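The chain contents come next:
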Amino acid sequence: MVEKIALRNLGRQKLRTTLLSLAILGSFVFILLVNGFVGSIILNIGQNASHLFAGHLFIEGQQRMEDPVTGESRKDYYIKDPGQIEDIINESGLEYRYMSRRSMIENCTLIFEGSTVNQGVIGADWERESFFIDRIPIQKGAFSLIEEREGIIISKAIADKLKADVGDNVIGRFKTVYGQYNAADFKIVGITSDSGLIGASLAYADLGYVNELINLKEDQYMTLGLYFDDMNQDFKRLDKIADNLYEELEKEVVLFDRDKAKSEENPIHAMMKMLQSDDWTGSRYVLSTLNDVLSVVQEISLWVNIVGYIVLVIMLLVVLIGLFNTFWIVMLERTKEIGTIRAVGMQRPAVFRMLLTESVLIGVIGMVVGTLLSFGIMFIVSRINFGTDSIFFIIMKNGHITFYLPWWQAVLNISIVFMVTLLGALIPAVKASRLNPAEAFQSIH
Amino acid sequence: MKKVIKPLGMVLIVLLISVNLNAQDVSVYNKKFGLDFDQVLENVDNIGNFDQKDFSSDMTIVSQKPGEEDEVLVTKVLRRDYDDKFALIILAPQAQKGQGYLQIGDNVWFYDPGSRKFEHSSMKENIQNSDAKNSDINRSSLAKDYNIIKVQDVMLGKYPTWKITLDAKTENVSYKKVELWVTKKGSLALKANEYGFSGKLMRTTAYTKYKKIDNKYIPTKIFIRDQLNIGENSELTMSNLSVASLKDSTFSKAFLENVSK
Chain A
0 MVEKIALRNL
10 GRQKLRTTLL
20 SLAILGSFVF
30 ILLVNGFVGS
40 IILNIGQNAS
50 HLFAGHLFIE
60 GQQRMEDPVT
70 GESRKDYYIK
80 DPGQIEDIIN
90 ESGLEYRYMS
100 RRSMIENCTL
110 IFEGSTVNQG
120 VIGADWERES
130 FFIDRIPIQK
140 GAFSLIEERE
150 GIIISKAIAD
160 KLKADVGDNV
170 IGRFKTVYGQ
180 YNAADFKIVG
190 ITSDSGLIGA
200 SLAYADLGYV
210 NELINLKEDQ
220 YMTLGLYFDD
230 MNQDFKRLDK
240 IADNLYEELE
250 KEVVLFDRDK
260 AKSEENPIHA
270 MMKMLQSDDW
280 TGSRYVLSTL
290 NDVLSVVQEI
300 SLWVNIVGYI
310 VLVIMLLVVL
320 IGLFNTFWIV
330 MLERTKEIGT
340 IRAVGMQRPA
350 VFRMLLTESV
360 LIGVIGMVVG
370 TLLSFGIMFI
380 VSRINFGTDS
390 IFFIIMKNGH
400 ITFYLPWWQA
410 VLNISIVFMV
420 TLLGALIPAV
430 KASRLNPAEA
440 FQSIH
Chain B
0 MKKVIKPLGM
10 VLIVLLISVN
20 LNAQDVSVYN
30 KKFGLDFDQV
40 LENVDNIGNF
50 DQKDFSSDMT
60 IVSQKPGEED
70 EVLVTKVLRR
80 DYDDKFALII
90 LAPQAQKGQG
100 YLQIGDNVWF
110 YDPGSRKFEH
120 SSMKENIQNS
130 DAKNSDINRS
140 SLAKDYNIIK
150 VQDVMLGKYP
160 TWKITLDAKT
170 ENVSYKKVEL
180 WVTKKGSLAL
190 KANEYGFSGK
200 LMRTTAYTKY
210 KKIDNKYIPT
220 KIFIRDQLNI
230 GENSELTMSN
240 LSVASLKDST
250 FSKAFLENVS
260 K
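Line order of the protein sequences matches chains A and B. 289 is the number that numbering that gives the first Met the number 0 gives to position 290 of the first sequence; each next residue is one higher, with no gaps. 123 is the number that numbering that gives the first Met the number 0 gives to position 124 of the second sequence; each next residue is one higher, with no gaps.
In case anyone wonders, no lab produced these hints; they're calculated from the structure. This one's a predicted model, so the numbers in the text were calculated from it and none came from an experiment. Virtual Cβ for every residue (Gly too), placed ideally from N, Cα, C. One or more hints might be untrue.
[What the hints assert, rightly or not] Stretch-level coverage of chain B by chain A, calculated; a stretch enters the list once three of its residues show a Cβ under 8 Å from a Cβ in chain A:
#: 1; stretch: 172 to 186
#: 2; stretch: 223 to 234
[As the list claims (entries may be wrong)] Ranges between beta-carbon positions, derived for each pair:
#: 3; chain 1: B; residue 1: HIS119; chain 2: A; residue 2: PHE374; range: 48 to 56 Å
#: 4; chain 1: B; residue 1: ILE229; chain 2: A; residue 2: ILE132; range: 33 to 41 Å
#: 5; chain 1: B; residue 1: LEU200; chain 2: A; residue 2: GLU112; range: 28 to 36 Å
#: 6; chain 1: A; residue 1: GLU147; chain 2: B; residue 2: ILE229; range: 20 to 28 Å
#: 7; chain 1: A; residue 1: LYS74; chain 2: B; residue 2: LYS220; range: 31 to 39 Å
#: 8; chain 1: A; residue 1: ARG148; chain 2: B; residue 2: ILE229; range: 19 to 27 Å
#: 9; chain 1: A; residue 1: TRP406; chain 2: B; residue 2: HIS119; range: 44 to 52 Å
#: 10; chain 1: B; residue 1: LYS260; chain 2: A; residue 2: ARG127; range: 50 to 58 Å
#: 11; chain 1: B; residue 1: LYS143; chain 2: A; residue 2: GLY82; range: 30 to 38 Å
#: 12; chain 1: B; residue 1: LEU200; chain 2: A; residue 2: GLU126; range: 27 to 35 Å
#: 13; chain 1: A; residue 1: LYS74; chain 2: B; residue 2: GLN51; range: 44 to 52 Å
#: 14; chain 1: A; residue 1: ASP218; chain 2: B; residue 2: VAL153; range: 41 to 49 Å
[Stated by the list, open to error] No more than 27 Å apart at the CA atoms, straight line, and that leaves these computed lysine-lysine pairs for BS3-like:
#: 15; chain 1: A; residue 1: LYS74; chain 2: B; residue 2: LYS199
#: 16; chain 1: A; residue 1: LYS186; chain 2: B; residue 2: LYS199
#: 17; chain 1: A; residue 1: LYS216; chain 2: B; residue 2: LYS123
#: 18; chain 1: A; residue 1: LYS74; chain 2: B; residue 2: LYS116
#: 19; chain 1: B; residue 1: LYS176; chain 2: A; residue 2: LYS74
#: 20; chain 1: A; residue 1: LYS74; chain 2: B; residue 2: LYS132
#: 21; chain 1: B; residue 1: LYS64; chain 2: A; residue 2: LYS162
#: 22; chain 1: B; residue 1: LYS64; chain 2: A; residue 2: LYS160
#: 23; chain 1: B; residue 1: LYS143; chain 2: A; residue 2: LYS162
#: 24; chain 1: B; residue 1: LYS199; chain 2: A; residue 2: LYS216
#: 25; chain 1: A; residue 1: LYS216; chain 2: B; residue 2: LYS176
#: 26; chain 1: B; residue 1: LYS143; chain 2: A; residue 2: LYS74
#: 27; chain 1: B; residue 1: LYS183; chain 2: A; residue 2: LYS155
#: 28; chain 1: A; residue 1: LYS160; chain 2: B; residue 2: LYS199
#: 29; chain 1: A; residue 1: LYS186; chain 2: B; residue 2: LYS64
#: 30; chain 1: A; residue 1: LYS216; chain 2: B; residue 2: LYS168
#: 31; chain 1: B; residue 1: LYS183; chain 2: B; residue 2: LYS30
#: 32; chain 1: B; residue 1: LYS176; chain 2: A; residue 2: LYS186
#: 33; chain 1: B; residue 1: LYS176; chain 2: A; residue 2: LYS79
#: 34; chain 1: B; residue 1: LYS168; chain 2: A; residue 2: LYS74
#: 35; chain 1: B; residue 1: LYS31; chain 2: B; residue 2: LYS183
#: 36; chain 1: B; residue 1: LYS123; chain 2: A; residue 2: LYS74
#: 37; chain 1: B; residue 1: LYS149; chain 2: A; residue 2: LYS79
#: 38; chain 1: B; residue 1: LYS252; chain 2: A; residue 2: LYS74
#: 39; chain 1: B; residue 1: LYS168; chain 2: A; residue 2: LYS79
#: 40; chain 1: B; residue 1: LYS149; chain 2: B; residue 2: LYS116
All chains should be built: construct the whole structure from the sequences, respecting the hints.
Right, dumping it as structure tokens:
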């Protein structure tokens, strides 16, 4: 009964109801879009990075020793005994989807007919990494041709800079893992669609060939990656997996202190500092996860969300004041009416509930329409294809902006708006419920 | 027992032969030409190394790359070979003025006055955008870093030379293989072909002019040709050579910082 009266009252004041609902709608759309966009950034970066780096969790090796001939101390970056590491992982019972084995030629200068470009060249075992092949979009040529020993796949941006095409032979100039200069021929067998700033600076070649060029043995490599199912929405699980694996590895090999790095503000920076230290010899391993890389992104996202909520609160404060003013005027305007319904038997709590219900209904209308409008905007925006050659590729999904709102954020947003609508009408509702029917009849308002 | 001795014996014989073969590589040429080529290589090093004095010079590097304008780098080179110290300070162009390299023993740093930071570097690194490396103008250590695997008696232009083929002793040396043309008289290096780990010719260096200072010979004109990117060359010209003593503080981070101010 109270709810019907409240609804009727709202219908009697369409303009007022509409304006208030629009104010709430605007705030709600704003926070939904901000939360949704920020939520998807984390997901998309995680997913894109896991494909780009072929894994969620990584193990790298570093050797530090004195050169027996020159006496100079040197650091070499590769996993000394990959078999041992793989055995530890498999014996630990860890369930992973894929294991990637990769070496990399850093700072490779590709030379073609007078043009030069600096490039990283990733060597991967493509027979075992077929999962990742599907995620490297080939524009020209074929991935299968990388089986040609000297085959290389480069991005369109690099191909354009070199003015080279599929079938052309390019020369690569680089250093071995021991710092010795080397040069080799590569044959372009494929050109990929650009995939943003990171993808454009990476080329792909055969692991065996890359190892040969950088003076690693056939069965050695630099980085082991583990890719897990359903990881992209649950990064806390990744940290737990890493901690467990760290414990298993620690029993048999020496690792850089992961806890020490994690405790720092920037774990990746802290880890890099540890890697550069010179107070040890022998072999050491680094265990890192995408979380370490994404921690900075997660912090930025957190701050964007916080700022979003601050803006929301400011917007809702304005709505709150508007609601208070409106319902105060409503209470004054309907003093006689309130007196009448009190006289015919409506109790104080019911009067109180009636005004609050009106306010809450305004909030509900704003939220429902706001939600539908947000979904509409999200749908339209997500249909736009920004391409994969933008530097913002990493925050998008295949060139599309996406939105992801965790359930707890949706509940939080609804709760905030709900509280605001209640607060806005609270005092007028209390005042209205305390009106004396006799005095109300005599009121000139 | 007999069954064990026989295979062991075979292994020993193979080892002896291989050792002898290696020893004979250099000694074959020593015998053939009547020279100790290990000593020749040491002479190549010593002819340009200052074991008791400091060395300084001005150096200009002109770099050419296809499709680009020539770049000119003016630098000051400071060496204390007997203490394994080296410094190079960039004087021009203005954009790079004050940048420099400092080597003390195993440690090498690059200094950037813009950021006022020292970054770890290497003597194997190129000097800015040129094809010249820090090691090209520092003291020579061929005898320490390389084994001689072949010697040929050849003419290089009008000069009778030994063409000495060197193989790196360790993986840490810049180039796996070097072919070096050395004058028979005076053991001056005239030309070097440097090969990468995979055996590809990477660059050719020609030492076209020398100057004598304090009984040592310093190449004052060096031409480096990049054999991978044809058209990419660097020419180094040394001038104002001096063996005057340098202050100890010259080979310090503080010196580089002060010079750049």
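Now the hints, each set against the structure:
no.	hint	result
1	172 to 186	holds (count 4)
2	223 to 234	holds (count 4)
3	B:HIS119 with A:PHE374: 48 to 56 Å	holds (53 Å)
4	B:ILE229 with A:ILE132: 33 to 41 Å	holds (35 Å)
5	B:LEU200 with A:GLU112: 28 to 36 Å	violated (18 Å)
6	A:GLU147 with B:ILE229: 20 to 28 Å	holds (25 Å)
7	A:LYS74 with B:LYS220: 31 to 39 Å	holds (36 Å)
8	A:ARG148 with B:ILE229: 19 to 27 Å	holds (25 Å)
9	A:TRP406 with B:HIS119: 44 to 52 Å	holds (49 Å)
10	B:LYS260 with A:ARG127: 50 to 58 Å	holds (56 Å)
11	B:LYS143 with A:GLY82: 30 to 38 Å	holds (36 Å)
12	B:LEU200 with A:GLU126: 27 to 35 Å	holds (34 Å)
13	A:LYS74 with B:GLN51: 44 to 52 Å	violated (34 Å)
14	A:ASP218 with B:VAL153: 41 to 49 Å	holds (42 Å)
15	A:LYS74 with B:LYS199	holds (25 Å)
16	A:LYS186 with B:LYS199	holds (16 Å)
17	A:LYS216 with B:LYS123	holds (24 Å)
18	A:LYS74 with B:LYS116	holds (22 Å)
19	B:LYS176 with A:LYS74	holds (22 Å)
20	A:LYS74 with B:LYS132	holds (20 Å)
21	B:LYS64 with A:LYS162	holds (17 Å)
22	B:LYS64 with A:LYS160	holds (15 Å)
23	B:LYS143 with A:LYS162	violated (43 Å)
24	B:LYS199 with A:LYS216	holds (20 Å)
25	A:LYS216 with B:LYS176	holds (20 Å)
26	B:LYS143 with A:LYS74	holds (21 Å)
27	B:LYS183 with A:LYS155	violated (53 Å)
28	A:LYS160 with B:LYS199	holds (24 Å)
29	A:LYS186 with B:LYS64	holds (23 Å)
30	A:LYS216 with B:LYS168	holds (19 Å)
31	B:LYS183 with B:LYS30	holds (16 Å)
32	B:LYS176 with A:LYS186	holds (25 Å)
33	B:LYS176 with A:LYS79	holds (26 Å)
34	B:LYS168 with A:LYS74	holds (18 Å)
35	B:LYS31 with B:LYS183	holds (15 Å)
36	B:LYS123 with A:LYS74	holds (15 Å)
37	B:LYS149 with A:LYS79	violated (34 Å)
38	B:LYS252 with A:LYS74	holds (23 Å)
39	B:LYS168 with A:LYS79	holds (22 Å)
40	B:LYS149 with B:LYS116	violated (45 Å)
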